[in-house]
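Based on the provided sequences and hints, a complete structural model is requested.
Protein sequences, first through last, are from chains A and B. Letter by letter, the first sequence follows residues 120 to 538 in this note's numbering. Letter by letter, the second sequence follows residues 120 to 538 in this note's numbering.
Bear in mind the hints are in silico, worked out from the structure with no lab data behind them. Incorrect hints may have been included.
Stated by the list, open to error - In silico EDC-like pairs for lysine to aspartate or glutamate, Cα to Cα no more than 16 Å straight-line: (1) A:K538 x A:D490; (2) A:K439 x B:D447; (3) A:K439 x B:E443; (4) B:K538 x B:D490; (5) B:K439 x A:D447; (6) A:K204 x A:E192; (7) B:K536 x B:D490; (8) B:K439 x A:E192; (9) A:K439 x B:D490; (10) A:K536 x A:D490; (11) B:K204 x B:E220; (12) B:K439 x A:D501.
As the list claims (entries may be wrong) - Coverage of chain A stretches by chain B, computed from C-beta distances (three or more under 8 Å per stretch; other residues unrestricted): (13) 210–217; (14) 416–424; (15) 434–444; (16) 484–494.
Claimed, not checked - Under 7 Å between C-beta atoms, here's a sample of chain A residues computed to sit facing chain B: (17) E153; (18) R377; (19) H502; (20) S504; (21) G508; (22) L509; (23) N510; (24) E531.
In this text, all values refer to a predicted model and were calculated from it rather than measured experimentally. Glycine is no exception: its CB is placed at the ideal position from the N, C-alpha and C atoms.
Residue strings, one per chain:
There are 2 protein chains.
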Amino acid sequence: MNPSLSTNVQEHLSARPQPSATSIAAAGLSRMIEPGDVIGKALVEVSGMVDAYAFITHSTQPISGSLLQSMSELLEAWGHRKGIKLLREATERWRTRTNHEAVLQSLRYMEQLGGGLLTPDEPLWPQQLSDLEFNAPFCLWWRGSKPPLLWPSAERMVSLVGSRDATSYGNSVAVELGSGLAQADVTVVSGGAYGIDAMAHRGALTAEDPEAATFPTIAVMAGGLDRYYPAGNTDLMDEIRTCGVLISETPPGTAPTRWRFLQRNRLIAALTAATVVIEARWRSGALSTAHHALLLGRGLGAVPGPVTSASSQGCLKLLKDGAELIRDAQDIRLLMNDSDGYAPQETDQSFMKSEPRAHDQLSVNDLMLMDALPIRGWSTVDHLSEVAGLNIGGVLSGLARLQIQGLAVTREGSWQKAK
Amino acid sequence: MNPSLSTNVQEHLSARPQPSATSIAAAGLSRMIEPGDVIGKALVEVSGMVDAYAFITHSTQPISGSLLQSMSELLEAWGHRKGIKLLREATERWRTRTNHEAVLQSLRYMEQLGGGLLTPDEPLWPQQLSDLEFNAPFCLWWRGSKPPLLWPSAERMVSLVGSRDATSYGNSVAVELGSGLAQADVTVVSGGAYGIDAMAHRGALTAEDPEAATFPTIAVMAGGLDRYYPAGNTDLMDEIRTCGVLISETPPGTAPTRWRFLQRNRLIAALTAATVVIEARWRSGALSTAHHALLLGRGLGAVPGPVTSASSQGCLKLLKDGAELIRDAQDIRLLMNDSDGYAPQETDQSFMKSEPRAHDQLSVNDLMLMDALPIRGWSTVDHLSEVAGLNIGGVLSGLARLQIQGLAVTREGSWQKAK
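Right, dumping it as structure tokens:
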């Protein structure tokens with residue numbers, strides 16, 4: 120770790136105030152309410168976080184008729200018709216997880232781990248998450264060595280997602296794109312899985328710069344940030360924590376379940392200006408992130424692959440359905456409307472640079488004359504006239520032009536192509 | 120060669136009449152006028168083929184003012200403003216190639232080779248070529264063992280084109296697509312080059328069936344049909360000649376020049392309902408065929424490949440520019456509007472078939488419960504309630520559903536995931 124950076128962090132930590140009532144309520148609610156629980160979101164919207172937490176933790180207090188009424192109306196406005204019975208059941212469900220001491224402990228623990236909790240009332244809260252409307256999270260747990268002041272703006276973030284069981288092709292494209300974006304000061308957002316997620320982070324971390332204005336990469340996790348899942352990515356997660364940040368909706372100690380993985384995907388899509396699927400099978404969790412990006416009106420791109428590769432069928436399907444085809448980091452920046460005046464041109468494709476060919480500039484007649492010129496033997500003007508189908512004047516003037524361009528040579532009145 | 124087929128061909132040949140004045144004129148004009156020469160096309164349109172040929176071969180006859188006037192007006196209507204001087208020069212140019220004996224000989228020679236000349240006034244003429252307007256050919260030389268009665272309709276033909284220096288990926292996709300189309304009675308049209316052209320033909324020939332209603336494949340050549348270019352494809356060309364047909368605008372003895380290759384591409388695009396580029400570098404002749412297909416309003420598809428492969432950059436560019444993404448022969452048939460009620464579905468993709476998963480049918484609550492069930496140890500209903508965040512009633516009813524579906528098992532009041 121950079122020594123001056125860790126000093127900064129120490130100052131930041133020691134200057135940190137005791138958790139506010141809002142933070143405690145948010146921590147408690149994130150323990151009791153599953154990510155994406157719209158009924159819980161309705162309660163928070165109607166009561167505010169502090170009152171919502173107080174209501175749930177007063178386990179004997181029945182839910183009032185007026186609260187039920189307000190929640191019902193809000194849920195209906197969101198298109199979620201829920202009977203009163205479901206709302207009562209939801210309260211019982213949340214109450215099974217009540218544990219105020221554990222909530223306070225989770226806040227202290229997160230601070231010890233070099234992290235904290237961010238709530239929507241704080242200036243650093245990523246405002247773009249409100250596009251999720253009734254699916255927006257009400258807090259984010261974070262863990263990182265840099266103070267969260269370095270959080271980038273939405274239009275400087277892109278999600279790179281894909282399969283865990285990626286091919287070497289997918290992995291190498293992920294590294295390439297992650298690195299290309301970070302070099303252009305675009306923050307990469309992904310999950311914490313093996314394969315594409317890991318390689319996208321690794322690519323972004325190659326552009327690591329302690330003086331950088333923002334994080335090179337952000338990992339959005341499905342479970343608590345106290346332990347890493349999968350454990351095999353521990354070194355990578357430590358590196359992301361040092362140079363970037365880890366975030367999660369769920370408090371420390373939470374297991375990453377299938378449900379939480381699916382809900383996590385909506386955060387990845389909502390945080391960023393665009394989502395790019397690098398490699399995905401016909402059925403892949405990455406496609407759920409793509410779906411969220413579409414619903415949110417974010418950019419959606421996909422990297423093509425061989426039609427013979429099962430590992431690319433999800434991406435090819437997205438492309439058939441209208442996702443933008445992504446070849447390199449520049450294509451992604453165009454998708455994000457972050458072009459810096461960049462317009463794709465033949466010569467910008469470094470791996471396929473080709474010199475303009477002399478022949479490209481020839482007129483039709485001169486091209487026919489070039490075709491008629493022998494490579495080895497020598498040809499007379501009369502013969503060239505017949506082979507090229509040009510009159511004598513056309514042959515003579517054409518030969519003069521080709522000679523000036525170094526494409527034709529003459530000897531004793533006969534002609535051939537220049538070597 | 121199929122014996123009954125060669126008998127048919129013998130009958131066809133012996134029944135063939137002497138060449139008509141139109142055939143002789145067309146043969147002569149195809150010798151003198153380069154493919155795609157709009158001035159030549161204007162002369163043919165204004166005078167008719169027989170008179171146009173007679174005018175050019177009367178080498179001393181000057182071009183009349185009224186003929187010049189008519190040609191000028193026609194060229195102007197086509198958007199080609201050409202000065203009178205250019206028209207006079209064109210006449211001189213054509214006349215350099217006059218040789219009536221060679222013209223008659225080329226017709227006899229082609230007949231000996233098992234072929235002939237087709238002109239637009241014949242019922243078998245492929246009418247779709249008239250979409251080329253002032254670039255339409257005025258004759259087609261052909262060579263094949265089946266009588267040209269088997270010429271398919273335009274909407275049953277598709278062009279498969281691509282690079283000569285194809286990768287093993289491109290080659291294998293070309294074989295796959297060629298074979299898939301021929302099996303669906305769609306005729307493949309391509310050039311005669313190594314790489315994608317050859318592999319597309321080879322794929323189509325695997326579906327060879329002497330009783331088939333149409334040719335499996337058609338090769339459109341840039342030079343005369345008396346010799347094959349490249350010579351390394353001689354065996355393939357012989358096989359196409361036996362089962363399909365070879366065609367060219369140019370008479371026997373004509374060398375395949377760069378110009379003629381470029382012009383040949385417009386025929387490939389115009390003959391078919393759609394053009395599919397299978398593998399092409401950033402600069403590839405196949406892209407000129409794609410361009411013609413677009414100009415003609417034909418379907419245009421491209422097969423994606425790895426973004427890291429230089430051999431796929433031309434295809435990826437076409438896809439960026441809106442070409443339809445092609446994964447298999449079914450995608451091509453959809454592009455041709457030849458779907459036979461086919462609609463792509465997950466399960467139609469044989470190489471990525473996946474069984475529906477039991478989990479897919481679960482409600483959100485049951486999914487959370489599944490996530491909470493241990494794989495090894497056993498969990499009580501109370502514990503499941505806390506871990507899953509569900510009330511006791513929800514856990515009990517959920518466990519009952521999971522048990523019925525064989526997803527959960529119970530022992531002494533505790534539960535785990537079914538193995």
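Going through the hints against the structure:
no.: 1; hint: A:K538 x A:D490; result: holds (14 Å)
no.: 2; hint: A:K439 x B:D447; result: holds (12 Å)
no.: 3; hint: A:K439 x B:E443; result: holds (8 Å)
no.: 4; hint: B:K538 x B:D490; result: holds (14 Å)
no.: 5; hint: B:K439 x A:D447; result: holds (12 Å)
no.: 6; hint: A:K204 x A:E192; result: holds (15 Å)
no.: 7; hint: B:K536 x B:D490; result: holds (9 Å)
no.: 8; hint: B:K439 x A:E192; result: violated (46 Å)
no.: 9; hint: A:K439 x B:D490; result: violated (33 Å)
no.: 10; hint: A:K536 x A:D490; result: holds (9 Å)
no.: 11; hint: B:K204 x B:E220; result: violated (30 Å)
no.: 12; hint: B:K439 x A:D501; result: violated (48 Å)
no.: 13; hint: 210–217; result: holds (count 5)
no.: 14; hint: 416–424; result: holds (count 3)
no.: 15; hint: 434–444; result: holds (count 4)
no.: 16; hint: 484–494; result: holds (count 5)
no.: 17; hint: E153; result: holds (5 Å)
no.: 18; hint: R377; result: holds (5 Å)
no.: 19; hint: H502; result: violated (10 Å)
no.: 20; hint: S504; result: holds (5 Å)
no.: 21; hint: G508; result: holds (5 Å)
no.: 22; hint: L509; result: holds (5 Å)
no.: 23; hint: N510; result: holds (4 Å)
no.: 24; hint: E531; result: violated (22 Å)
Of the numbered hints listed earlier, those contradicted by the structure are 8, 9, 11, 12, 19, 24.
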